[in-house]
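Asker: Sequence:
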Amino acid sequence: MTPEHKAGFISIIGKPNVGKSTLMNALVGERLSIVSSKAQTTRHRILGMLNGEHKGTEYQIVYSDTPGVLLPKYELHKSMMSFVKSSIEDADVVLYVTDVFDEFEDLDFLTNWKDFTNTPILVLLNKIDLVSMEKLEEKVAYWQGIFPGKPIIPISALESVHLDQIFSHLMEHLPVHPPFFDKEELTDKPEKFFASEIVREKIFLNYKKEIPYSCEVVVTSFKEEPTILRIATEIYVERVSQRAIIIGHKGENIKKVGIQAREDLEKFFGKKVFLEQFVKVEPDWRAKTDKLRSFGYSLD
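According to this note's numbering, the sequence shown is numbered sequentially starting from 59.
By construction, these hints were calculated from the structure, which means they are not laboratory data.
Just so it is clear, the structure is predicted and the values come from calculations on it, not from any experiment.
All C-beta atoms, glycine included, are put in the ideal place defined by N, C-alpha and C.
Careful: at least some of the hints might be erroneous.
[As the list claims (entries may be wrong)] Each computed BS3-like pair below joins lysine-lysine, with the alpha-carbon atoms no more than 27 Å apart:
no., residue 1, residue 2
1, Lys172, Lys131
2, Lys330, Lys250
3, Lys313, Lys329
[Said to hold, decoys possible] Now the in silico label distances, taken between C-beta atoms and shown as ranges:
no., residue 1, residue 2, range
4, Gly114, Leu244, 46 to 54 Å
5, Pro233, Tyr200, 30 to 38 Å
6, Ile286, Lys136, 37 to 45 Å
7, His63, Phe159, 24 to 32 Å
8, His307, Gly110, 49 to 57 Å
9, Leu244, Glu324, 14 to 22 Å
10, Asn176, Phe238, 14 to 22 Å
11, His227, Phe332, 29 to 37 Å
12, Gly306, Pro233, 34 to 42 Å
13, Ser218, Thr115, 17 to 25 Å
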């Protein structure tokens, strides 16, 4: 008799900057999603697979990190929200991530979804390491009022506190199903995607205000040689003045981004990396559907 196997899609959703990407990386055990203190860092839906065996049952949990839910201002935002919607539609379980400083807002489809879906919802109250027990109890009661009858688990994604409780809940709801992906696969994204994301993360870390949100990173060349990986990227901005800021005086800013990105690229790919960066101006690219499609965004 073939042993039982469980497999399912677990969607991680919530507003920007509540710790979804940090949680995703902690649950998968790998750094797949870029992390920044700035909101709206994640722009795509990223899958991360966790395979294992629990109490005699093999499993494959397919986690789905998604952009933070917001009311769209640009075509880019609309694409980001389409990734969230498709993730919810596919989900066997939804992890709704909030934090101890967050409050619920009426955010279009999300409000209607939570009240009418039959998909199991697990509410994760993140960043509990930053508040007192009294404040935490207040926030748990608050979110119980927003999600009546739904399990609420206080966690710290950064400190990996109570993440085992999430796993226990998921195994209860995970359907009996063969694996969706090869057990050797870690994610659905190609290597070029992670190369561009690592560079984009360094832009978020090194620039302020609107600059990171106006940037898109495209890998134009990805050549793997026996001892080195050669990567060429184009960084798109919306205005000439932004290009000057990205490059910096005598190229100091872009050089710093390159050094930091190369260090992480070498850790990620496990070999030496030669990184080239070119900065280009594409006016209002966030509002241009043809350009967004060429960058890999869905606009259905």
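Asker: Now tell me, hint by hint, if it's right for this structure.
Answerer: Each hint tested on the structure:
no.	hint	in the structure
1	Lys172 <-> Lys131	23 Å, holds
2	Lys330 <-> Lys250	16 Å, holds
3	Lys313 <-> Lys329	20 Å, holds
4	Gly114 <-> Leu244: 46 to 54 Å	24 Å, violated
5	Pro233 <-> Tyr200: 30 to 38 Å	32 Å, holds
6	Ile286 <-> Lys136: 37 to 45 Å	39 Å, holds
7	His63 <-> Phe159: 24 to 32 Å	40 Å, violated
8	His307 <-> Gly110: 49 to 57 Å	50 Å, holds
9	Leu244 <-> Glu324: 14 to 22 Å	18 Å, holds
10	Asn176 <-> Phe238: 14 to 22 Å	21 Å, holds
11	His227 <-> Phe332: 29 to 37 Å	45 Å, violated
12	Gly306 <-> Pro233: 34 to 42 Å	52 Å, violated
13	Ser218 <-> Thr115: 17 to 25 Å	23 Å, holds
Violated hints for the displayed structure, listed by number in ascending order: 4, 7, 11 and 12.
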